[in-house]
Amino acid sequence: NGKDAVAAESGAVEAATGYEVTTGESENYEYIAYCTSVPYWLDGRRGLDKACELLGVSYNFSGPVEFDAQAQARAMEEAIAKGVDGIILSPADPDVLAGPSEKAIAAGIPVVMVISDVNSKLGEGSYGWLGGLNYNVGVSGGTFAAEELLNKKGKVGILTMPGVTVHEERKAGYVDTFAKYPDIEVVEIVDTRADPAIGLDKAAAIIQKHPDLKLLIGTDSVGGAAAARAVQEAGKVGEIFIIGMDRDQDLLNYIKDGVVTATIASKSFTTKFMALHYLYWINHDIMQDAPDWRKAGINPVPTITDTGNMVINQDNVDLFLK
Amino acid sequence: MLFILKVKNLEHQNLLSISNVKKAFGGTEALKGVNFNIKKGEIHALVGENGAGKSTLVKIISGVIPLDSGEIKLEGTPVVFRSVQEARRRGVNVVYQELSLAMNLTVAENISASSAEMNSFSIMQLDDIDAEAKSLLEGSGIKIDTRVSELGIAAQQMVEIAGAISRKCRILILDEPTASLTDDETSNLFRIIDHLKTRGVTIIYISHRLEEIFRICDTVTVFKDGAYVGTRPVAGMTQHDLVCLMIGREMRDMFPVKKNTAKETVLELKNFSGKGFRNVSINIRAGEIIGFAGLTGAGRTELFTAVFGLNTVYSGKMLFKGEEVSIHSAKDALKLGIGYLPEDRKQIGIFSTLSVRENIIAASLGAHSKGALLDKDKIIESSKNIIESLGIKALSGNSKIHSLSGGNQQKVLLGRWMLSKPRVFIADEPTRGIDVGAKQEVFQLLREMADSGVAVIMISSELEEVLGMSNRIFSMYRGEVNGILEGDMCTEARLGPMIVGVGGNR
Amino acid sequence: MKSNLSGIFNRARKSEILNNRFVPGLKAYSQSRILILLTIIAAMVVCLSIINPRFLSYYNFSAITGNDSMKGLVLIGMTLILITGNFDVSVGSNIALVGIVTAWMMQAGLSPLAASMLGIASGMLIGLFNGLMVTRLKIHSFIATLGSLYMARSLAQVITQGTPIGKFPQSFIEFGDLYIFKIPFVLIILVVSVIAANYLLQHSRLLRSAVYIGTNKRGADYIGLRTDAIQLAIFVLVGLLVGIAGVFLTAKMRSGLPTAFTGLEFKMIAAAVLGGASLNGGQGNMLGSIMGLIVLILISNAMTILGISVYMDGVIMGIVLIGASVLDSVSQKNVI
Amino acid sequence: MGKIIKQREVTLFLVVVLMMITLSVTSPIFFKVSNFLSLARSFSIEGIVLIGMTVLLVSGYMDLSAGSVMALSGVFAALLIEAGMPFIIAVAGAVTVGLLCGFINGWIITKFKIHPFIITFGMMSIARGIALSITQGQPIRIFNESFDFIGQAAVFGIPLVTIIFLLFVIFFDFCMRKIRFFRQFYFIGGNALSAELTGINVDRVRIFGFVLTGFLASVSGIFATARFQGAIPTAFNGIELKLIVAAVVGGCTLDGGEGSVLGAVLGIIFLFLLSNGMTLLGVSMYWENFVLGAFLVVVVFFNSSIGRHLTK
Ligand SMILES: Nc1ncnc2c1ncn2[C@@H]1O[C@H](COP(=O)(O)OP(=O)(O)OP(=O)(O)O)[C@@H](O)[C@H]1O
Ligand SMILES: Nc1ncnc2c1ncn2[C@@H]1O[C@H](COP(=O)(O)OP(=O)(O)OP(=O)(O)O)[C@@H](O)[C@H]1O
Ligand SMILES: [Mg+2]
Ligand SMILES: [Mg+2]
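Residue numbers (our numbering), protein chains in the order written: chain A, 1 to 322; chain B, 1001 to 1506; chain C, 2001 to 2336; chain D, 3001 to 3312.
What the hints contain is simulated information worked out from the structure, not anything from laboratory work.
The C-beta atom is built at its ideal place from N, Cα and C for all residues, glycine as well.
You may find that some hints are simply not true.
Residues from chain B that face chain D, not an exhaustive set, calculated with beta carbons under 7 Å [as the list claims (entries may be wrong)]:
(1) Tyr-1096
(2) Asn-1104
(3) Leu-1105
(4) Ser-1114
Chain C residues, not near chain A, derived (Cβ > 12 Å throughout) [stated by the list, open to error]:
(5) Ile-2064
(6) Ile-2095
(7) Ala-2108
(8) Ile-2165
(9) Arg-2218
(10) Leu-2232
Listed below are the simulated EDC-like cross-link pairs for lysine to aspartate or glutamate, each with C-alpha atoms no more than 20 Å apart in a straight line [said to hold, decoys possible]:
(11) C/Lys-2217 / B/Glu-1138
(12) B/Lys-1275 / B/Glu-1150
(13) B/Lys-1331 / C/Asp-2177
(14) C/Lys-2167 / A/Glu-124
(15) C/Lys-2167 / A/Asp-257
(16) B/Lys-1022 / B/Glu-1042
(17) B/Lys-1335 / C/Asp-2228
(18) A/Lys-121 / C/Asp-2177
(19) C/Lys-2217 / B/Asp-1332
(20) A/Lys-256 / D/Asp-3255
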């Protein structure tokens, strides 16, 4: 899995440097996310910066500070109104963002999805999806924990955010995976409300309730870091394993300290770097499977691009820390 | 050197000099340049019709509001107080016309707050209350650890006064302190005032009760429409002189002629008991004015708020035109044709940020509606009629009611009830805080209502008023009706003892 | 009977009294407020369209109005509540619950119309519950509705078990994107509602009674208003408005989201206060409130148009909110 | 009146004790010292700023920016540490931020006579926005011995922050009951106009209330930073509502003039027990908010009706 992604990445860079940078006209792309205040997006934006530099275009990052799909839909429509050259979207909800995405494509603005997807037909709502499958995060994280950490038995607690699709998917991946191990029991699933303080209290309560708890899982970085603090305060470092999500510096420091066992991170840089290229390729008709892909009715870019996920643990964490 | 001292001494005679003070609120000229002096140690009365500018001057002197132009000198030196504290530090203390108590705190805390510099980090001692204040409160039977919100309005006024006199003061300004006090309480207050005077405190006394001016004041200054009319020694003056000075014309009789146009009984209470009153059996007839006398806390307000559907009834019957009715809300009462003018004008009576017009039609929204919508033409028409016929001084029907003087506000409220065409009208302390001229108008209005067949109930703590106006008088004492007077029986000699529980005939 | 002086006074003022229009709605107070808001709006529109001519495009117009008109409907309700002297902080959760109920019912096989009706009914039910807590149990409206904020949000999550309910019938989705002569249907609803609400606030007996209650609750008892019934009615009315808004927003979103519209209540209160509503009751007007909302929307629109960092969103929003209030306060002082 | 306040606190205290008993019967873990200490750490941090909120509520005002100011001052402290400044400068910097935000709130509200809801709501957005802009949303991890110390230190097992919190509670509860200056908040809350006429400098006292809240928010922010070993710009979002709920459960009213620090503190302990209890009892996370909302309404209802009975 990891190997594929690396190959894809180097391929993309080659491709990117392979054609002439069009100066003169300046193209503007929009990256629309949600919960934009969390640090998660920063790595993806580095990828976009790099791609823009290579292609000689620019991009703007926008989206609601809250987890608010409706506000994201509006940001999307505003971007269409503003008249951008392409949109990279991480939809907060598959249905809510479907309409605006279709509108964008109808208005001639190419859209690609990253991380999560919309409920639309290919070509109507987007030209493709890139990212690491969220359900797979749970599956690979769960398998890793069950086999390597838990020795196939023990109690597990999950810190998540109900109602948020990516979290629900990751949670489902973990729960389904653990269900295959009869001796592993998911004892608690709690809501952090994306607040480190609440997450900490919740994690502490789980630890109190289950003295023999073996593993805490965060379906995002807030959950992972909250679990780390709770385990530290309870003096159970080493006794309780923690698997986090994403690669925020806050979380990585806990891995370095040995409090958090590992984190699963999507390859944000790669994903967004490639997504921008896809848009560029579409706009510049780079892919020549047919002389005119529009008329031929074919999708000019890969439909599904699994950029994979990476596991960061104490061995490689230094390479990710800034 | 000697000469200078003499001049200074002369100036000391005038503790406070007010020269050419002007103040306007938007378009209203509240003070149009007033000049007068207040001598040290005297009790100086300030009188004038509602809206004459008395309270405005008080607020300027004590630093609540700034003046537009003019000068105020304290012991010869010009002073500008930017805040109440500054004035207080120089010994100027005020009992404002509006109550200024914290309802959520105890009597003791309120007094202690007004007597001590609150802005200090010292520990608050609750029993550290000035002896003078204590005796005043004890005289009124007020316990110092009760919450102010539990007190009646009169008791609250006493607390306020107690707070002011417990400060170390040189000038004490009392703005209508007795408006809601009974005679007993008033006498109690006057004792204290006399005592303060002997201690050298200068007092500015504002009241619409002219007899009080003659009882305690040395000098009187008259204002009219924001202008200074004159200052006279009280000695040698008659009440008639003073009234002429105030209203600028001859005063007719205060009370209208008592016609007895009593007709059929409209309202009858039988063994009526409820929160604050017991076993009340009375009957009230159309076309007469019934006076309800009693001490503060006697339960008159409670009784009639119960009749009006806003107080709890425990037992007994209420008959309206001979039919038994039960009233659970003011709406029920209004439907039957009962109107009630509350005693607390500021808190309950007026809708302060709404217009005069909206205040006038407030109790007859139904009559001014077409279906679910209000009938604006009719509203304009009715309110115009009321404003004109009651002579309400307001810039227009659209002026906010809080910009009107107290007397005019009260007239608006009376207008409100006249418009609702009640068959029984209860006026609770209808003349509280309004000037002689306005009082006379209010009395006239109440009498006209009675003449037109309305049963009018007038609750008042002023015996003279009750005696002057009523066809029949009920006396209430501790929640019970303990006496009834009719015709020639209505004399102060009979009523006076009755309200304190002596000589009742029931 | 009347004193000479007042007679003269009245004669002098008579013409003025006659000339004065009845409608006290646009008093000097709110007029200055509306003027300020208009100026801000005009300035923003001019600046934004100079910076990006597409700001004035039909697309931007329909994007903004299509998405936010229904918030205006909620705002009408919030303004009414504030005028009555109460708060309703449950509107955001209530919309989410309405959406979930509607989506749930459609999932259960009900027709979009029937499901919408049930959704609206659930909104009114929350309104009724709020009203009962305030009038019967005498709980401060802020606390009571805060309680239902939590409860409604929780119910939305319990029903969905956290997962949004999507896959609506096509007819329902189209309903959310309905245009009449290229004008979003929701905008038409909003404009009609604002005009109606503005008129009714001046002329309807119920809403005028609410103004009396908001101005002086105890005083309102003494003029025979059924204060409890009226407050209850206003809460249910807000529930109705929220219900309608919730159904349209759900159709627009194509999904019932348990997490939707968190924190909407505070934006609504901010818009209403910006528009001249007083949190102490008795004051507020529909036009001002809507302008307040337009200002807030324009700010967020400007963020995207200008490509300002998302982190600055809050800073600019806060500065405008405080700035407009200060400006208004200063202009008030000049007037008086 | 003192009696009533005491009574109210006693009722709440009994509720808290009752809850503890129920929880410990149903969940044996509840009474474990470690559970208590973990809880104590959390409610102490939030309790410090709650004191400020209580003082404001007593005067009839509120501060919606408290949570954002907590985050912003934490960010400042962390930035200063990151820049190589000593602990004391970092603390001073954070406190300055708190004082400044509080002063700006208070000054604008009193000077321009604007409802505190609107100004502190604006300040909430601004402070949060600044915290996010400075950090780009990224938590700032700090490595500083003094911060580690105040985050971890404990006396007889009781966390330092809890001890400081208790001292603050005792101090401010005493002040609000006995000290003239602080009693002014009750006067202002009862009737601001009256307070003005009584000679209280209402504006100044109110500004003080906001400055105090800002100060306490920064203290909370510093302890939170120490506990989290870094500043998290997104933390404590929406905490202001929780604080208001705690204070109201503890006897404050939104109209002002009522309430006490002790009551509010019991209120926040109650909220934390509730949340802790729900996790321990395994209440589904979807139901959690429902229970919270229902409890809020019920407690406030009983509180006020008990109050009404006692004042009768
Ligand atoms: N804050 C204000 N705004 C506008 N007008 C005011 C204000 N305060 C007083 N006025 C007006 O100033 C005039 C003088 O009012 P003031 O209260 O001084 O009268 P007063 O002599 O005390 O009357 P009263 O005997 O009724 O108390 C009145 O016309 C009143 O309407
Ligand atoms: N001196 C006092 N001390 C304590 N409570 C008092 C005192 N005076 C009045 N009250 C309270 O006020 C209530 C009645 O006052 P209220 O003023 O309504 O009576 P009232 O007979 O209508 O007198 P008035 O109309 O003259 O004010 C009583 O229930 C009593 O508890
Ligand atoms: Mg006066
Ligand atoms: Mg009375």
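These are the hints, each one checked on the structure:
1. Of the supplied interface hints, the one on B/Tyr-1096 holds, with its beta-carbon coming within about 5 Å of a beta-carbon of chain D, less than 7 Å.
2. The beta carbon of B/Asn-1104 is positioned within 7 Å of a beta carbon in chain D (closest approach about 4 Å), and the interface hint is therefore held.
3. With its C-beta approaching chain D no nearer than about 6 Å, B/Leu-1105 sits inside the 7 Å limit, and its interface hint holds.
4. Nearest Cβ of chain D to the Cβ of B/Ser-1114: about 5 Å, under the 7 Å cut. The hint holds.
5. Listed as a non-interface residue, C/Ile-2064 fails to keep its Cβ farther than 12 Å from every Cβ of chain A; the least gap is roughly 7 Å.
6. A cut-off of 12 Å between C-beta atoms contradicts the statement that C/Ile-2095 is not in contact with chain A; the least separation is 10 Å.
7. Every beta carbon of chain A lies more than 12 Å from that of C/Ala-2108, the smallest distance being close to 18 Å; the non-interface claim holds.
8. For C/Ile-2165, the non-interface assignment is contradicted: its Cβ lies about 9 Å from the closest Cβ of chain A, within the 12 Å cut-off.
9. Distance to chain A confirms C/Arg-2218 as a non-interface residue, since its nearest Cβ pair spans about 40 Å, more than 12 Å.
10. For C/Leu-2232, the condition that its CB be more than 12 Å from all CB atoms of chain A holds, with the nearest at approximately 30 Å.
11. Of the pairs offered as hints, the one joining C/Lys-2217 and B/Glu-1138 is violated, with about 34 Å between alpha carbons and a cut-off of 20 Å exceeded.
12. Distance check on the hinted pair: B/Lys-1275 and B/Glu-1150 sit about 14 Å apart at the alpha-carbon level, within 20 Å; holds.
13. Between B/Lys-1331 and C/Asp-2177 the alpha-carbon distance is near 47 Å, which puts this suggested pair outside the 20 Å criterion.
14. Between C/Lys-2167 and A/Glu-124 the alpha-carbon distance is near 17 Å, which keeps this suggested pair within the 20 Å criterion.
15. For a cut-off of 20 Å, the pair hint linking C/Lys-2167 to A/Asp-257 is broken: about 46 Å separates their Cα positions.
16. Pair hint B/Lys-1022 plus B/Glu-1042 does not hold up; C-alpha atoms about 25 Å apart against a cutoff of 20 Å.
17. Of the supplied pair hints, the one linking B/Lys-1335 and C/Asp-2228 holds, its CA atoms being roughly 18 Å apart against a limit of 20 Å.
18. Note on A/Lys-121 and C/Asp-2177: the hinted pairing holds, with a Cα-Cα distance of about 18 Å set against a maximum of 20 Å.
19. Taking the CA atoms of C/Lys-2217 and B/Asp-1332, the gap is about 18 Å. The hint holds against a cut of 20 Å.
20. Proposed proximity of A/Lys-256 and D/Asp-3255 is contradicted: the alpha carbons are some 51 Å apart, above 20 Å.
Hint check: violations occur at hints 5, 6, 8, 11, 13, 15, 16, 20; the rest are consistent with the structure.
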